[in-house]
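A.B. asks: Which chain is which? The protein sequence lines are A and B, in order. Each residue of the first sequence is one higher than the one before, counting from 1 in our numbering. Each residue of the second sequence is one higher than the one before, counting from 1 in our numbering.
Possibly wrong hints are sitting among the right ones.
Identical copies look the same in the list; a pair holds intra-copy or inter-copy alike.
[Stated by the list, open to error] When the alpha-carbon atoms are kept at most 25 angstroms apart in a straight line, the in silico BS3-like pairs for lysine-lysine are as follows:
#1 K555 / K64
#2 K555 / K82
#3 K547 / K524
#4 K547 / K126
#5 K126 / K539
#6 K82 / K451
#7 K547 / K505
#8 K520 / K373
#9 K357 / K520
#10 K373 / K363
#11 K451 / K169
By construction, these hints were calculated from the structure, which means they are not laboratory data.
2 protein chains.
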Amino acid sequence: MKAQYTIGLDYGTNSVRALIVNVEDGREIAAAVWTYAHGTQGVILSRDPNLARQHPADYLEGAKVTIREALRVAAKNQRGFKADQVIGIGVDTTGSTPMPVDKEGQPLAFRRQFASNPAAMAWLWKDHTAVAEAEEITALARKMRPQYLAKCGGTYSSEWFWSKVLKCKRSAPSVYKAAHSWMELADFVPAALTGTLEPDLFTAGVCAAGHKAMWSASWGGYPDAAFLSKLDPSLAKLRANLTPRVKPVNQKAGHLTHEWAEKTGLKPGIPVAVGAFDAHLGAVGSGVAPGTLVKIIGTSTCDIAITPTRRVLPDVPGLCGIVNGSVIPGFYGLEAGQSAVGDLFNWWVHYIQPGGKTPWSHKDLDEAASRLKPGESGLMALDWNNGNRTILVDQRLTGLMVGQTLYTRPEEIYRALVEATAFGALTIINRFEDYGVRISSVVNCGGIAEKSALTMQIYADVTGRPMKISRSAQTCALGSAIAAAVVAGAYPDFARAQRRMSGLKEKTYRPNAAAHAVYKDLYKIYRQLHDAFGTREFKGSLHGVMKSLIEIREKARR
Amino acid sequence: MKAQYTIGLDYGTNSVRALIVNVEDGREIAAAVWTYAHGTQGVILSRDPNLARQHPADYLEGAKVTIREALRVAAKNQRGFKADQVIGIGVDTTGSTPMPVDKEGQPLAFRRQFASNPAAMAWLWKDHTAVAEAEEITALARKMRPQYLAKCGGTYSSEWFWSKVLKCKRSAPSVYKAAHSWMELADFVPAALTGTLEPDLFTAGVCAAGHKAMWSASWGGYPDAAFLSKLDPSLAKLRANLTPRVKPVNQKAGHLTHEWAEKTGLKPGIPVAVGAFDAHLGAVGSGVAPGTLVKIIGTSTCDIAITPTRRVLPDVPGLCGIVNGSVIPGFYGLEAGQSAVGDLFNWWVHYIQPGGKTPWSHKDLDEAASRLKPGESGLMALDWNNGNRTILVDQRLTGLMVGQTLYTRPEEIYRALVEATAFGALTIINRFEDYGVRISSVVNCGGIAEKSALTMQIYADVTGRPMKISRSAQTCALGSAIAAAVVAGAYPDFARAQRRMSGLKEKTYRPNAAAHAVYKDLYKIYRQLHDAFGTREFKGSLHGVMKSLIEIREKARR
Numbered sequence: 001m002k003a004q005y006t007i008g009l010d011y012g013t014n015s016v017r018a019l020i021v022n023v024e025d026g027r028e029i030a031a032a033v034w035t036y037a038h039g040t041q042g043v044i045l046s047r048d049p050n051l052a053r054q055h056p057a058d059y060l061e062g063a064k065v066t067i068r069e070a071l072r073v074a075a076k077n078q079r080g081f082k083a084d085q086v087i088g089i090g091v092d093t094t095g096s097t098p099m100p101v102d103k104e105g106q107p108l109a110f111r112r113q114f115a116s117n118p119a120a121m122a123w124l125w126k127d128h129t130a131v132a133e134a135e136e137i138t139a140l141a142r143k144m145r146p147q148y149l150a151k152c153g154g155t156y157s158s159e160w161f162w163s164k165v166l167k168c169k170r171s172a173p174s175v176y177k178a179a180h181s182w183m184e185l186a187d188f189v190p191a192a193l194t195g196t197l198e199p200d201l202f203t204a205g206v207c208a209a210g211h212k213a214m215w216s217a218s219w220g221g222y223p224d225a226a227f228l229s230k231l232d233p234s235l236a237k238l239r240a241n242l243t244p245r246v247k248p249v250n251q252k253a254g255h256l257t258h259e260w261a262e263k264t265g266l267k268p269g270i271p272v273a274v275g276a277f278d279a280h281l282g283a284v285g286s287g288v289a290p291g292t293l294v295k296i297i298g299t300s301t302c303d304i305a306i307t308p309t310r311r312v313l314p315d316v317p318g319l320c321g322i323v324n325g326s327v328i329p330g331f332y333g334l335e336a337g338q339s340a341v342g343d344l345f346n347w348w349v350h351y352i353q354p355g356g357k358t359p360w361s362h363k364d365l366d367e368a369a370s371r372l373k374p375g376e377s378g379l380m381a382l383d384w385n386n387g388n389r390t391i392l393v394d395q396r397l398t399g400l401m402v403g404q405t406l407y408t409r410p411e412e413i414y415r416a417l418v419e420a421t422a423f424g425a426l427t428i429i430n431r432f433e434d435y436g437v438r439i440s441s442v443v444n445c446g447g448i449a450e451k452s453a454l455t456m457q458i459y460a461d462v463t464g465r466p467m468k469i470s471r472s473a474q475t476c477a478l479g480s481a482i483a484a485a486v487v488a489g490a491y492p493d494f495a496r497a498q499r500r501m502s503g504l505k506e507k508t509y510r511p512n513a514a515a516h517a518v519y520k521d522l523y524k525i526y527r528q529l530h531d532a533f534g535t536r537e538f539k540g541s542l543h544g545v546m547k548s549l550i551e552i553r554e555k556a557r558r
Numbered sequence: 001m002k003a004q005y006t007i008g009l010d011y012g013t014n015s016v017r018a019l020i021v022n023v024e025d026g027r028e029i030a031a032a033v034w035t036y037a038h039g040t041q042g043v044i045l046s047r048d049p050n051l052a053r054q055h056p057a058d059y060l061e062g063a064k065v066t067i068r069e070a071l072r073v074a075a076k077n078q079r080g081f082k083a084d085q086v087i088g089i090g091v092d093t094t095g096s097t098p099m100p101v102d103k104e105g106q107p108l109a110f111r112r113q114f115a116s117n118p119a120a121m122a123w124l125w126k127d128h129t130a131v132a133e134a135e136e137i138t139a140l141a142r143k144m145r146p147q148y149l150a151k152c153g154g155t156y157s158s159e160w161f162w163s164k165v166l167k168c169k170r171s172a173p174s175v176y177k178a179a180h181s182w183m184e185l186a187d188f189v190p191a192a193l194t195g196t197l198e199p200d201l202f203t204a205g206v207c208a209a210g211h212k213a214m215w216s217a218s219w220g221g222y223p224d225a226a227f228l229s230k231l232d233p234s235l236a237k238l239r240a241n242l243t244p245r246v247k248p249v250n251q252k253a254g255h256l257t258h259e260w261a262e263k264t265g266l267k268p269g270i271p272v273a274v275g276a277f278d279a280h281l282g283a284v285g286s287g288v289a290p291g292t293l294v295k296i297i298g299t300s301t302c303d304i305a306i307t308p309t310r311r312v313l314p315d316v317p318g319l320c321g322i323v324n325g326s327v328i329p330g331f332y333g334l335e336a337g338q339s340a341v342g343d344l345f346n347w348w349v350h351y352i353q354p355g356g357k358t359p360w361s362h363k364d365l366d367e368a369a370s371r372l373k374p375g376e377s378g379l380m381a382l383d384w385n386n387g388n389r390t391i392l393v394d395q396r397l398t399g400l401m402v403g404q405t406l407y408t409r410p411e412e413i414y415r416a417l418v419e420a421t422a423f424g425a426l427t428i429i430n431r432f433e434d435y436g437v438r439i440s441s442v443v444n445c446g447g448i449a450e451k452s453a454l455t456m457q458i459y460a461d462v463t464g465r466p467m468k469i470s471r472s473a474q475t476c477a478l479g480s481a482i483a484a485a486v487v488a489g490a491y492p493d494f495a496r497a498q499r500r501m502s503g504l505k506e507k508t509y510r511p512n513a514a515a516h517a518v519y520k521d522l523y524k525i526y527r528q529l530h531d532a533f534g535t536r537e538f539k540g541s542l543h544g545v546m547k548s549l550i551e552i553r554e555k556a557r558r
């Protein structure tokens, strides 16, 4: 039998990637990347620094260009490869990235009169124009429908669907009025590829709807009309225009149209999976399973865990979201995250640029910091330079460093920053476990996981858990390819598909008992600072903080 | 009438300086500096990083070399100058810097068998070998004689007289046994120059005895024998050998001997003032007066104020010392200080070395930080990288920085460090005022006061008080020369001598009302952090700290 392949299409912030994966063993035989044509590095900006939009035309052009190029590369790399060996497509995207569409499901941005109107574009996940609307939604839900907030950590974000829709209503009423409905990018691409953009065919994914639009089967779908009307009477009408078909990623959005088959060179009629967010399918590509947390570590982190739906799961305060089937059907998908990880290290290296005439690189600092013992610097940091996503859900928090002397060196501060992100990671793990979601091992993916042995060892030592590294460097696209394999029928379920198609690198970082013991003491100090600066409830004195750090330092240096 | 001059001899940590000053107008006509010959830059070190000693021979050699050289330079600079126009000598030194002496008042280090024994040398102020002894003395005094602690901020320091003596008894018993008595450097030099080293002639200064040896006329001199015996029975005998003649700096220690006249070229018989500490005579040289605080700003600061003894002064908690007549007779001398000021800025510039391939100099950072508005960075620091001398008297405190974002820049951190030292300075001023010592203006001296307009403007804006700059760059030596003018009879008292011999630079930094208003809000946050990390009593939440800093930042950037 001839080998079978699937394609994972991964829509990032600046570019889209197509990855061709062997269904049997997960080998990645070809990839192609295309940077969106509009805006700056694919992002349309304005004088308002909070605004970030994308042009939907780039999404379609990107699918065409990258699939064609990946097929070309595959044919070169793999003797005898033919495009008709591709049996399915999966799609993951950033989100919440909603866009206004007309009655045919076509983006308003495709119309001439809206062609250069940012409000008619896709509102990129990191667009922060809707802060006031988010606060309004949070306040109303707290009063009227607390259950809506319970599943999204207690605070509705300015980055999410309803905030952006409401902001459009208020700031660009003509666009809002012209829109029949709104579509998430994760749903738009599969629908476009399968010719199901029209309302009576259109399918939305559980992942985007559940995590960003307060959709839940348990309360009958999207937020109820009474609630939405209180925000704005017109939202009840919009609600009626949203599709009732909201499905997980093991379902097909449809089949590739002849038109798209021609555009790309693929076989017409192959299934396209329902779309989901990059982090969620990244978790799939990293082998997420009950008891295994996947950390997608980049400038920030996204942490994904799953837990069987047969167990009753209490609401976990501070999590970005808990959604039935948002990662893998049959499991609750739980999403957490840290607002700055790689960005925090980048700040030290690129903004402060320590080290004088021969400035420290990441690699230099990694090496020098590796030679330090836990606790030896006497430093402790909070990893909040970009706020705290989980468990405090508070963007109005900032960084903190304590324990500096007149001899504190750049690599000590660097290590303290790495440790701070590790303490932040442990705080998330503890929150999962406190609410019954056991985390016995962690799979990491992303550049830092692959490149910084220091970071991974500190994560192991701080959390007391082995740190595994995902085999693939493109876990999001791989996860999409796995979804494609499932909808194409190559595997009956995700667990079996993951077992064959995803994997780990050989190297696992195991916790060192002595280091873990020191970090246990240090974590108590981290939690004191975390609670003192991050919560209203903390009432203790911090008189012991500097003294304990000195004692631990003296012990470490002995 | 021919002009009259006095000499100020200023014994620093690494060198001694002789300054020749015109008695009528304070003009400094010649100076000479000599680095001590023994040890590293004049300091004898060992494998124990806490040990710091000096060889007493350097003190005598230094007096000879610098006075001769200063006279030579004066003759060159000042047409017709003759050495016999010098009518008196004043001496200021580091302290507490005690040394063991024999029955004739000669340092034990001058004996062959002790010539290279560090215990027989002068125990330099920054020697920290006696930490355990200091704790023991503090504990005993707290129980038995709380009044002893009330005048020195509540904690007896390892840098002070009795700690060092007791440490010698325990760690070098043969030296201790050979010592008849112990002498402060501030007393040794005047006694040596005037041939009054022998016990029945020897005079000690109020400044050293009062600030470092728990001497007070109010309880009959040095700590009582019962108290000292509890520490060690032999200390009662030592107490009996300490001189009962303890006098302020308007008194003569004696008159220059023929031997010293010959050595130096000065006229024999001219008076030498009782010695005092550098900071105290530095305050005199800067024009200290009731209501005027003198800040001697170097790597750390020493803050000196005076208040008339006709007023009853309550004990001021956290001050390093309150001693009747230690600065100027008829006034209480009050000493406070900050453990790191210049050192804190040096840490950022020389240890962290921010700025990449073209690292920031102090001057660069000063300029860039000057362009920032108060509150604009959103940062707040505690100035405790070297502990906190006043008002917390706690060396086991460390630095803290809060408010960092992913865009925080080196000059913002630099400015936050400068502001932190300003907030620390205000905390000291407030403590003075809370206990009835009014501080309406501040005279600053030292390199930072002369070179950093940024620092002085921030000090004015934070404290809401004008910052004046001492005219002399050698205020300590100038203060000694003023004391010499008083003991030589050129002036009836210090106030009149200061009026003629000391002065201010033209430039005064005046507080800007708008900046002061912002700093008032910021200071509230500083005090929250100060109390939370520095005291046991603080019980509030710090939940508002980061948020308030963000609000102030947003307002400043508007």
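A.B. asks: Quick one: which hint numbers does this structure break? Sort them smallest to largest.
C.D. replies: Those not satisfied are hints 1, 2, 5, 6, 7, 9, 11.
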